[in-house]
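Chemist: Top line first, the protein sequences correspond to chains V and E. Just so we're aligned, residue 479 is where the first sequence starts under the numbering used here, counting upward by one. Just so we're aligned, residue 479 is where the second sequence starts under the numbering used here, counting upward by one.
Keep in mind the hints are simulated off the structure, nothing from the lab. Since we're looking at a predicted model, the values are computed, not measured. Wrong hints could be hidden among the right ones.
The list treats identical chains as interchangeable, and a pair is accepted whether it falls inside one copy or across any two copies.
[Said to hold, decoys possible] Pairs of lysine-lysine residues, derived as DSS-like cross-links and limited to a Cα-Cα distance of at most 27 Å, are as follows: (1) K774 with K701; (2) K663 with K778; (3) K482 with K553; (4) K507 with K730.
Here is what each chain is made of, one letter per residue.
Protein chains: 2
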Amino acid sequence: MSSKRIGSRTVRLENKPTIISAAAVVGPKEGEGPLKEYFDIIIDNDLYGEKSWEFAESKMVETAMRKAVDKCGKKLEDVNYLIGGDLINQLLPSSFAARELSIPFFGIYGACSTMAEGMCLSSMLIDGGFADLILSGTSSHYCTAERQFRYPLELGNQKPMTAQWTVTGAGSVLIAPNAKGPRIKYITVGKVIDKGISDGNNMGAAMAPAAIDTIYAYFNDTKDDPNSFDLIATGDLGKLGKQITEDFLNKKGIDISDVYTDCGVEIFDLEAQDVHCGGSGCGCSASVFAGYIYKKLLKKEFNKVMLVSTGALLSPTSTLQKQTIPCVAHAIVIVNEE
Amino acid sequence: MSSKRIGSRTVRLENKPTIISAAAVVGPKEGEGPLKEYFDIIIDNDLYGEKSWEFAESKMVETAMRKAVDKCGKKLEDVNYLIGGDLINQLLPSSFAARELSIPFFGIYGACSTMAEGMCLSSMLIDGGFADLILSGTSSHYCTAERQFRYPLELGNQKPMTAQWTVTGAGSVLIAPNAKGPRIKYITVGKVIDKGISDGNNMGAAMAPAAIDTIYAYFNDTKDDPNSFDLIATGDLGKLGKQITEDFLNKKGIDISDVYTDCGVEIFDLEAQDVHCGGSGCGCSASVFAGYIYKKLLKKEFNKVMLVSTGALLSPTSTLQKQTIPCVAHAIVIVNEE
């Protein structure tokens with residue numbers, strides 16, 4: 479059995495895959511939220527100078543990726559792999575960004591778990607010596623997601639209070655082996671979990687069991703102490719899913735309450751910005767990580783963080799075919815350690 | 479710079495990631511084609527006992543995966559990662575299969591390049607010691623792909639002669655470190671290439687430049703001899719794309735004509751089965767590799783093979799927004815070597 483594996487699901491990375499740079503680009507609404515000071519670029523219009531929302535989203539993720547590379551003085555030609563994806567069919571935003579960036583490309587789909595999925599894969603490929611530099615990132619856009627998964631915006635549909643608001647935002651990280659900076663120490667990859675929720679307007683409840691399963695697996699595998707973390711952040715469970723996760727983990731003997739938050743709860747002022755249960759979308763944990771969390775790690779205000787991006791793998795077709803919602807969550811532990 | 483990297487794009491795998499098992503499940507039409515004797519299961523009805531084509535596709539890929547594990551006496555619980563995806567929005571078939579298989583899941587999207595994309599990632603994760611057993615596979619289904627990308631089947635649309643026929647099929651491989659069997663020795667990951675083709679009924683011409691770019695990169699990186707291969711097989715370029723690839727590589731000084739074929743050309747009798755330029759879809763290179771090529775490798779009738787699965791990353795939305803078709807191709811070299 480591989481010496482890098484711990485317990486049933488966790489991998490320990492031994493060659494210090496380091497996040498040497500990160501960048502976040504967000505939309506106007508996100509730029510008015512509580513984390514506004516942490517984002518690299520706040521766009522002032524949802525179209526971002528493009529002719530469609532889809533290509534605005536593509537430009538956001540391309541910009542976040544170029545920015546992450548620029549910020550640390552690297553060049554796109556130095557990057558061995560680009561690992562990314564998004565919510566939009568056929569990964570339209572990421573595929574077109576990859577065309578412009580001209581870096582060997584692995585397209586991934588994990589719905590809103592994509593940021594952590596990309597960082598899991600990137601950190602293993604860097605740790606294993608298969609690449610010297612990997613760029614990973616993802617995006618979402620309120621208007622593209624609503625159009626694809628729900629209703630035309632022009633309908634002005636009302637949402638139930640369990641619903642969340644898809645973040646318009648993109649985040650990107652650049653990972654290199656054994657460098658100076660916060661490094662990825664453990665990853666726990668998620669199984670697809672489906673506890674029978676079929677309501678696409680209650681994603682927090684649908685995704686919480688996947689987050690619980692992955693977080694529990696991490697602590698069970700490593701025997702780590704939740705209170706040794708400065709922050710455990712789920713991706714986009716929102717207010718309701720966060721409460722479910724905290725409660726159920728507590729019942730299973732894992733008390734994360736003192737260090738736990740959810741990126742979807744943090745990115746908006748839930749009441750003032752009228753976003754019901756909070757933010758969602760691939761861009762939620764991506765921009766909160768690449769903006770807020772990464773900058774706090776750099777400043778040593780955080781020294782040990784777990785990011786658990788959560789994804790609902792539903793499709794409009796599976797919903798029409800009366801299926802419940804399969805979900806997945808991947809965890810990465812990032813530390814400041816010599 | 480990493481010692482595992484050769485030239486600009488190629489990785490040499492040093493710890494013998496071995497394909498210890500493979501299985502292919504195909505539809506009735508594919509089961510009447512020239513490769514029928516090589517497939518593990520030929521289903522006799524496009525619905526495969528399910529209520530929708532999407533869930534028939536999901537059952538096909540789940541069956542191919544279970545079969546690959548069963549055939550070599552392993553258990554699903556022994557598998558550390560499942561890496562897969564398909565053409566259908568939100569990876570519906572793969573996501574629902576992953577729910578049933580309960581293995582930590584990386585969803586990927588590379589359109590019809592998915593088989594090689596999964597094998598690239600799997601072989602690196604195995605080679606790097608991050609897993610002891612990885613299951614990778616993909617699927618496509620004529621009826622789900624037509625419904626999503628083209629027209630309702632009930633319209634009975636005629637296709638131009640440049641069009642291809644989406645394979646109903648699934649293929650899966652099980653990869654372990656340093657075992658007995660054909661092993662993955664090199665991988666070359668593709669960049670996203672777009673030479674301006676916008677006709678979704680001429681995928682061969684759209685994807686050929688991506689195949690050319692990746693195959694050229696492999697030979698340029700390794701200085702390998704095309705005639706040292708028993709077979710170089712592109713994924714699903716069809717008759718036209720195959721000719722373009724052969725011609726343009728020849729102009730660039732790489733003559734693969736003596737050993738070159740395309741899975742889309744092989745899987746059907748093009749004229750008798752009325753499939754115009756040939757087969758396409760993720761399931762094309764997946765079932766041809768997991769069926770025909772893998773069995774020939776096991777029998778030592780092939781000892782060195784390159785599989786180059788090719789994907790067109792177009793989306794119905796990008797087509798409506800008048801964009802051209804970005805494409806990608808990934809190459810893996812599989813050898814029988816001690």
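Chemist: Are the hints correct? Go through all of them and say.
Modeler: Hint check results:
1. In this assembly of identical chains, K774 and K701 lie within 27 Å of each other by CA distance solely inside one copy; the values are 25 Å within and 47 Å between copies.
2. Within a single copy, K663 and K778 get their C-alpha atoms as close as 16 Å, which meets the 27 Å cut-off; across copies the closest is 42 Å, which misses it.
3. Within a single copy, K482 and K553 get their C-alpha atoms only as close as 31 Å, which misses the 27 Å cut-off; across copies the closest is 21 Å, which meets it.
4. Taking the shortest Cα distances, K507 and K730 never come within 27 Å of each other, neither inside one copy (37 Å) nor across copies (51 Å).
Taken one by one, the earlier hints fail for this structure only at number 4.
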